[in-house]
Amino acid sequence: MDTALNVHRLHFALTIIYHYLFPQLTIGLFTNPWLRWQYLHTMLGAVVTASIVMTSVGAFYLLVRRHEVYGRTFVSLGVVTGLIAAMLLAFPTGDRQARFMAMHQPVGFAAMEGVFGTVEGAGLVLIGQPDVERMRLDNPLEVPGILSFLTHRSWSAEIKGLAAFAKEDWPHNIPLLYYAYHIMVGLGTILMAVLAVATVLLWQRTLYAARWMLWILMLLLPFPYIANTAGWMTAELGRQPWVIYGLMRTSQGYSVNVSAGNALFSLLGFMGLYAALSVLFLFLVGRKIAQGPEPEGA
Amino acid sequence: MATVWFWLVLIMILMYVVLDGFDLGAGILHLFVARTEAERRTIMHSIGPVWHGNQVWLLAAGGTLFFAFPVLFATAFSGFYLPLMMVLWLLIGRALGIECRDQINSPAWTPLWDVVFAVSSALLALFFGVALGNVVRGVPFDARGRFFAPLWTDFSSYGATGILDWYTLAVGVAAFAVLAMHGALWITLKTDEGLQARARRTALRLWWAVMGLMALVTLATFHVQPHVWERLRAAPWGAVLPLLAVSALGLARWFCLKRCDVLAFLASAGFLGAMLVTVACSVFPYVLPASTDPALGLTLEHAAAEPYALQVGLAWWIPGMVLVTVYFFFVYRRFAGKVRLDEEGHY
Numbered sequence: 001m002d003t004a005l006n007v008h009r010l011h012f013a014l015t016i017i018y019h020y021l022f023p024q025l026t027i028g029l030f031t032n033p034w035l036r037w038q039y040l041h042t043m044l045g046a047v048v049t050a051s052i053v054m055t056s057v058g059a060f061y062l063l064v065r066r067h068e069v070y071g072r073t074f075v076s077l078g079v080v081t082g083l084i085a086a087m088l089l090a091f092p093t094g095d096r097q098a099r100f101m102a103m104h105q106p107v108g109f110a111a112m113e114g115v116f117g118t119v120e121g122a123g124l125v126l127i128g129q130p131d132v133e134r135m136r137l138d139n140p141l142e143v144p145g146i147l148s149f150l151t152h153r154s155w156s157a158e159i160k161g162l163a164a165f166a167k168e169d170w171p172h173n174i175p176l177l178y179y180a181y182h183i184m185v186g187l188g189t190i191l192m193a194v195l196a197v198a199t200v201l202l203w204q205r206t207l208y209a210a211r212w213m214l215w216i217l218m219l220l221l222p223f224p225y226i227a228n229t230a231g232w233m234t235a236e237l238g239r240q241p242w243v244i245y246g247l248m249r250t251s252q253g254y255s256v257n258v259s260a261g262n263a264l265f266s267l268l269g270f271m272g273l274y275a276a277l278s279v280l281f282l283f284l285v286g287r288k289i290a291q292g293p294e295p296e297g298a
Numbered sequence: 001m002a003t004v005w006f007w008l009v010l011i012m013i014l015m016y017v018v019l020d021g022f023d024l025g026a027g028i029l030h031l032f033v034a035r036t037e038a039e040r041r042t043i044m045h046s047i048g049p050v051w052h053g054n055q056v057w058l059l060a061a062g063g064t065l066f067f068a069f070p071v072l073f074a075t076a077f078s079g080f081y082l083p084l085m086m087v088l089w090l091l092i093g094r095a096l097g098i099e100c101r102d103q104i105n106s107p108a109w110t111p112l113w114d115v116v117f118a119v120s121s122a123l124l125a126l127f128f129g130v131a132l133g134n135v136v137r138g139v140p141f142d143a144r145g146r147f148f149a150p151l152w153t154d155f156s157s158y159g160a161t162g163i164l165d166w167y168t169l170a171v172g173v174a175a176f177a178v179l180a181m182h183g184a185l186w187i188t189l190k191t192d193e194g195l196q197a198r199a200r201r202t203a204l205r206l207w208w209a210v211m212g213l214m215a216l217v218t219l220a221t222f223h224v225q226p227h228v229w230e231r232l233r234a235a236p237w238g239a240v241l242p243l244l245a246v247s248a249l250g251l252a253r254w255f256c257l258k259r260c261d262v263l264a265f266l267a268s269a270g271f272l273g274a275m276l277v278t279v280a281c282s283v284f285p286y287v288l289p290a291s292t293d294p295a296l297g298l299t300l301e302h303a304a305a306e307p308y309a310l311q312v313g314l315a316w317w318i319p320g321m322v323l324v325t326v327y328f329f330f331v332y333r334r335f336a337g338k339v340r341l342d343e344e345g346h347y
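Keeping their order, the protein sequence lines are chains A and B. If you use the working numbering, the first sequence closes out at 298, no skipped numbers anywhere. If you use the working numbering, the second sequence closes out at 347, no skipped numbers anywhere.
Treat the hints as calculated values from the structure; they're not laboratory data. Idealized CB from N, CA, C, for every residue including glycine. Treat the hints with care, as some may be off.
Unchecked claim - Short derived list, chain B residues pointing at chain A, Cβ under 7 Å:
1) 78
2) 81
3) 85
4) 101
5) 103
6) 148
Claimed, not checked - Okay, the calculated beta carbon distance ranges per label pair:
7) A:211 <-> B:333: 50 to 58 Å
8) B:215 <-> A:281: 27 to 35 Å
9) B:107 <-> A:249: 49 to 57 Å
Generate coordinates for the entire structure from the input sequences, incorporating the hints supplied.
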């Protein structure tokens with residue numbers, strides 16, 4: 001059992017190493033300054049997800065008073081690792097990503113931040129609903145000057161709005177892009193805050209008894225997944241209408257001889273398959289969590 | 001350089017067929033050859049540590065195709081869109097079958113995944129044969145060099161063809177039989193006692209099916225794609241390669257009867273290799289011929305990437321292959337010999 005598992009691990013590691021080396025070295029991605037930040041950002045996203053899943057399972061064990069030794073390890077390790085990774089996720093990796101976006105893909109940047117008209121000293125939009133037809137943000141809640149400062153390190157710097165660009169270069173789905181980005185950033189901030197409070201409690205040695213906090217930690221489970229997905233959507237929607245930014249439009253890059261009906265067929269097939277797989281995944285993981293981490297017979 | 005890459009991609013596809021071929025075959029047969037849960041587990045464990053690595057050859061061949069022959073990749077992958085998606089689903093089904101079956105030990109769980117595994121394996125063997133049939137027969141290219149193959153049209157092998165017609169189906173059934181035999185030889189090699197005897201009997205029975213189907217498919221190929229016959233007649237290897245294939249097939253039976261199981265398996269692998277090389281040589285210089293007007297077929301020269309890209313690729317292909325070879329050597333040596341289950345049924 002052990003050997004086969006180890007061989008699988010080795011196999012997986014080799015595959016991953018080669019996949020990460022090969023494209024980067026051959027198509028010049030290592031000389032692309034954006035790559036290392038994007039890479040670190042996504043990898044940190046994975047670390048936060050793993051930490052929170054571990055924390056959540058640990059909190060569950062502490063709440064139901066089973067496997068408590070494991071539960072404490074899970075929670076303490078998960079909370080601290082998660083907090084460090086979440087902070088690195090925001091700064092410097094997330095910060096650098098956003099600034100690269102503002103520099104190289106300013107249209108997408110304006111859309112995801114919800115900036116319609118060009119402004120000096122732009123505020124950071126926390127909440128608001130983009131209305132693309134009237135070119136405005138409804139019910140905005142902004143922190144003044146922050147967006148300009150974060151982007152250009154100056155409180156009064158100019159941020160170009162969507163109106164400053166040709167409409168054909170706008171991302172296809174501005175509201176979805178805006179929401180995806182804000183969900184990612186919002187959830188990231190909330191996760192960081194919760195983990196910070198939990199770390200303080202851990203420091204004061206009261207975390208394992210603070211049942212209200214354990215409840216919160218347990219319920220965090222789905223949110224890193226949502227944040228990751230929203231982040232991916234931000235990257236892909238923000239790149240539109242290009243498949244290769246500035247060189248090849250999506251409308252030039254798709255398979256013209258695969259009809260929409262045929263693509264829908266495979267899309268529905270995959271959705272069905274993944275729906276079934278999700279149920280299977282939840283069932284098996286739920287079963288594993290119920291069985292607990294202790295080896296059989298212990 | 002393009003020709004070099006043609007052979008490299010062919011080698012990768014060949015590795016895939018030989019290696020994943022036996023675990024596909026074992027997947028097809030495990031429902032019938034094994035009589036008890038322990039025997040079935042033995043078969044699953046004979047492919048357990050290697051099937052994943054074997055499957056990566058398909059992925060690697062696809063990736064290499066994308067890099068070395070982008071035109072072929074783009075044309076074929078959008079033209080064969082529907083069957084390729086189904087192949088993906090079947091690959092997922094196989095992975096699910098083998099990974100899920102041991103998660104829960106219950107008569108309401110394990111058989112389900114065994115069937116999922118067997119059905120996906122069987123359909124994949126059939127599909128790969130059909131795919132080979134499509135490549136030999138050619139696809140309905142239009143004047144711009146594009147095509148979109150429907151799953152079937154009128155089952156005729158000429159003109160506006162679909163994925164399935166009587167010829168590609170025949171190749172599919174032949175591939176099914178060949179891989180099932182290959183898998184039976186693998187099970188014979190990795191097991192002992194009753195299970196081994198049953199696997200050996202199955203292999204010997206399937207051998208006749210393989211003989212008959214191969215003869216049929218060969219004749220049909222000359223009929224459907226005259227280009228193949230002309231190429232084979234024109235070159236000296238045209239006689240050598242098919243002879244090699246036939247003698248390897250004969251040797252597989254001979255060794256199987258003599259209980260030289262390693263040699264029987266290797267002979268079967270040699271048969272697969274000789275067949276594939278024959279097919280590749282007889283389709284050459286096309287990489288994807290046309291079933292409509294032969295002149296519309298996609299040639300190697302037209303499909304290949306820029307010479308510079310091909311050179312850079314070679315510099316990366318070689319260290320990659322060295323790693324892969326070391327890994328495969330290690331794994332197959334680590335898990336050499338008969339599969340033995342301990343009391344709990346683990347490896």
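Q: Any hints from earlier that this structure breaks? Give me their numbers in increasing order, please.
A: Hint check: 4, 8 fail, others pass.
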